[in-house]
Amino acid sequence: MTRATPTPIPEAQVDLSVTLGSVTFANPITTASGCFASGAEIDRFFDIGDLGAVVVKSVTPEPREGLPTPRMTETPSGMLNAIGLQNPGIDAWLARDLPFLRDRGARVILSIAGKSVEEFALLASKVSQTRGIDAVEVNLSCPNVAHRGLVFACSTGPSADVIRAVRNHLPRMPIMAKLTPDVTDITAIGRAVIEAGATGISAINTTLGMAIDADTGRPKIANTFGGLSGPAIRPMAVRAVHQLHTTLGPEVPIIGMGGVRTVEDTVEMIRAGASMVAIGTATFADPFASHRLIGGLRRWMADRGHASLQDLRGRVTPW
Amino acid sequence: MRSVCEIISRRRSGAYWSLTFSAPEIAQRALPGQFVEIAVGAPGTLLRRPFSIARVTSQGPTGGTVEVVFDAHGPGTEWLTTVPEHGTVDVVGPLGSSFPTPNRPMTCLLIGGGYGVAPMFFLCDVLTKAGMRVDMIVGAADADRIHDAITAKRSASTVTFTTEDGSMGETGRVTDVMRDVLDRTKAGVVYACGPNPMLAAVSAIAAERDLPCQVAVEEHMACGVGVCWTCVMPIRAKDGTVRMKRSCIDGPVFTGRRIAWDQTRWGASA
Numbered sequence: 001m002t003r004a005t006p007t008p009i010p011e012a013q014v015d016l017s018v019t020l021g022s023v024t025f026a027n028p029i030t031t032a033s034g035c036f037a038s039g040a041e042i043d044r045f046f047d048i049g050d051l052g053a054v055v056v057k058s059v060t061p062e063p064r065e066g067l068p069t070p071r072m073t074e075t076p077s078g079m080l081n082a083i084g085l086q087n088p089g090i091d092a093w094l095a096r097d098l099p100f101l102r103d104r105g106a107r108v109i110l111s112i113a114g115k116s117v118e119e120f121a122l123l124a125s126k127v128s129q130t131r132g133i134d135a136v137e138v139n140l141s142c143p144n145v146a147h148r149g150l151v152f153a154c155s156t157g158p159s160a161d162v163i164r165a166v167r168n169h170l171p172r173m174p175i176m177a178k179l180t181p182d183v184t185d186i187t188a189i190g191r192a193v194i195e196a197g198a199t200g201i202s203a204i205n206t207t208l209g210m211a212i213d214a215d216t217g218r219p220k221i222a223n224t225f226g227g228l229s230g231p232a233i234r235p236m237a238v239r240a241v242h243q244l245h246t247t248l249g250p251e252v253p254i255i256g257m258g259g260v261r262t263v264e265d266t267v268e269m270i271r272a273g274a275s276m277v278a279i280g281t282a283t284f285a286d287p288f289a290s291h292r293l294i295g296g297l298r299r300w301m302a303d304r305g306h307a308s309l310q311d312l313r314g315r316v317t318p319w
Numbered sequence: 001m002r003s004v005c006e007i008i009s010r011r012r013s014g015a016y017w018s019l020t021f022s023a024p025e026i027a028q029r030a031l032p033g034q035f036v037e038i039a040v041g042a043p044g045t046l047l048r049r050p051f052s053i054a055r056v057t058s059q060g061p062t063g064g065t066v067e068v069v070f071d072a073h074g075p076g077t078e079w080l081t082t083v084p085e086h087g088t089v090d091v092v093g094p095l096g097s098s099f100p101t102p103n104r105p106m107t108c109l110l111i112g113g114g115y116g117v118a119p120m121f122f123l124c125d126v127l128t129k130a131g132m133r134v135d136m137i138v139g140a141a142d143a144d145r146i147h148d149a150i151t152a153k154r155s156a157s158t159v160t161f162t163t164e165d166g167s168m169g170e171t172g173r174v175t176d177v178m179r180d181v182l183d184r185t186k187a188g189v190v191y192a193c194g195p196n197p198m199l200a201a202v203s204a205i206a207a208e209r210d211l212p213c214q215v216a217v218e219e220h221m222a223c224g225v226g227v228c229w230t231c232v233m234p235i236r237a238k239d240g241t242v243r244m245k246r247s248c249i250d251g252p253v254f255t256g257r258r259i260a261w262d263q264t265r266w267g268a269s270a
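First to last, the sequence lines map onto chains A and B.
Be aware that the first sequence starts at 1, since it is given in the working numbering, and climbs by one per residue.
Be aware that the second sequence starts at 1, since it is given in the working numbering, and climbs by one per residue.
Each hint should be verified, as a subset may be incorrect.
To be verified - Restraint ranges, calculated between C-beta atoms of paired labels, are given here: (1) A:A92 to B:T255: 41 to 49 Å; (2) A:T7 to B:R2: 31 to 39 Å; (3) B:S167 to A:P76: 34 to 42 Å.
Stated by the list, open to error - DSSO-like mimics (lysine-lysine), calculated; alpha carbons at most 30 Å apart, straight line: (4) B:K238 to B:K186; (5) A:K115 to B:K153; (6) A:K220 to A:K115; (7) A:K126 to A:K115; (8) B:K153 to B:K186; (9) B:K245 to A:K220; (10) B:K153 to B:K129; (11) B:K245 to A:K126; (12) B:K129 to B:K186.
To be verified - Chain B side only, calculated, beta carbon under 8 Å to chain A, not exhaustive: (13) M1; (14) A39; (15) L47; (16) H220; (17) G226; (18) C228.
What the hints contain is simulated information worked out from the structure, not anything from laboratory work.
Cβ coordinates follow ideal geometry from the N, Cα and C atoms, glycine included.
Please put together the full structure from these sequences, using the hints given.
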């Protein structure tokens, strides 16, 4: 089989803009929550305003100090982490981190995390009284106190309850539901949150893993279990995004993430169905990782004559 | 802050390895206690490895150079021992906090455990140039793990070596001789780098003498630049509250008595 030789176009003709609901972002490259801290740390390396958006580390109603150490261990082509949502709390975030991000020209997607529907509602209500937040990502991979600690994103009912509560306070803002891959059928959860009022889906969160030191017999991280991230989980992420995209349809935006490092990884995620692509663990290995992909993606598309992301999104050629 | 650096020398130092690379900007900006993150190419590895800066030179035929000393104990550090001289490494740095210098001349006690002695040489140079007297205690499990004893002897006014097996210097640990050395030298400040249990014990002895003590800690670190929140240490604020602070950006140098060692896995060995 031969492939038509693509006709390159000038980079300036490439339109990288994307929309989540009613909000447009200049390019599809964003950051995975928890992998970019507050934004200020990486702003020392490049202008974070260049990113399509910054998804910040999840905030909770109260400040949290997180879990004991060791909190991470490297695993084959990936890493396990259990941080325990250490964050300054919504009030400190709104007072200190949000103004910094706006000053730097960053578009802001706030990740919110709660342990009950009421906590998510409280967070959403505070967001509704604030200007300068472009979208909200709802971290549904939190233990639900009312459900014996089972994470919200593992069941349709509690996930939908959270999204309804958040939507109630934020009638117009894009709401992205962040899903865990640790379920039998991620599309069932996806359908439930979209029906409950979510604008789109962020997928995937880390998948639960464990590593044990052969000599001491101790788990390699203090929490015993941790979230596995990095290239090790990329095929899972591509699969989940593709399933969600084909099930929910092209009008539902998806922020795709999971082990993306290179331009080709980014294109793969967009072909699977992602509207935006979030860079997570790659930033740990290289603080410039997300920034490099903006120009890299533009060049890749120009070289192949793609003027718009619509040429690529969801485009999977069947065998 | 990120550079691809030519390796000038790679050599064994007893049980450890010493790697020196050309990095004029890092050499110019680095302060003792700071570290660099080096990308490793071992199959299946992903993350950079953090290394305390052991020494910098500002001039010479290669511009400025930076030296790190490490133990090849995993696939990443083992890979680093295979990069040939004149090959390159990808380095981010200098990162983190540094050891503060006293604002008046005094005697400084520098304590290094294992390859943790390496940044003490850098600190020793800076303190000596600032008019301080420097005494050192250098400890390790055995003589093979005493890194560069010659430089230690040449740099400090006095050096006390300790090994746990007695193969060099006094038999025991650095903390077994620390009180005697403090009595003898009348040191007014203590600096330490080495395994965390050693730092906890050193901090406790400094606290019992009411001496200022600065330690450079080591905690599992994914990013080194403040974004992953894995490398935290419990740090007690002046009001007594304990907050988890990042070793990479708030540290690695902390005031010893501010670390809530009893809330770490190294326990109250202090």
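Results of checking the hints against the structure:
For the pair A92 of chain A and T255 of chain B, the supplied restraint of 41 to 49 Å is violated, since their beta-carbon distance comes to about 24 Å. A hinted range of 31 to 39 Å for the beta carbons of T7 of chain A and R2 of chain B is consistent with their spacing of about 35 Å. Between S167 of chain B and P76 of chain A, the C-beta spacing of about 37 Å keeps the proposed range 34 to 42 Å intact. Taken as a hint, the K238 of chain B and K186 of chain B pair is honoured in the structure, with Cα atoms around 27 Å apart against an allowance of 30 Å.
Between the alpha carbons of K115 of chain A and K153 of chain B the distance comes to roughly 58 Å, so the proposed pair goes past 30 Å and is violated. Distance hint between K220 of chain A and K115 of chain A is fulfilled; the C-alpha atoms sit about 26 Å from each other, no more than 30 Å. Distance restraint check for K126 of chain A and K115 of chain A: the Cα-Cα separation of roughly 16 Å lies within the 30 Å cut-off, and the hinted pair is therefore satisfied. Between K153 of chain B and K186 of chain B the alpha-carbon distance is near 19 Å, which keeps this suggested pair within the 30 Å criterion.
For the suggested pair K245 of chain B and K220 of chain A, the alpha carbons sit about 21 Å apart, so the restraint of at most 30 Å is met. Taken as a hint, the K153 of chain B and K129 of chain B pair is honoured in the structure, with Cα atoms around 17 Å apart against an allowance of 30 Å. For the suggested pair K245 of chain B and K126 of chain A, the alpha carbons sit about 27 Å apart, so the restraint of at most 30 Å is met. With a CA separation close to 20 Å, the supplied pair K129 of chain B and K186 of chain B stays within the 30 Å bound.
Annotation: interface hint on M1 of chain B holds; nearest CB of chain A at approximately 6 Å, less than 8 Å. Nearest Cβ of chain A to the Cβ of A39 of chain B: about 7 Å, under the 8 Å cut. The hint holds. At about 5 Å, the closest approach between the beta carbon of L47 of chain B and any beta carbon in chain A falls short of 8 Å, and the interface hint on this residue holds. The beta carbon of H220 of chain B comes within 4 Å of a beta carbon in chain A, closer than 8 Å, and the hint placing it at the interface holds.
Hint on G226 of chain B holds. Least Cβ distance to chain A is approximately 4 Å, under the 8 Å limit. Taken as an interface hint, C228 of chain B checks out: its beta carbon lies about 5 Å from the nearest beta carbon of chain A, inside 8 Å.
Consistency with the previously given hints fails for numbers 1, 5, ordered from lowest to highest.
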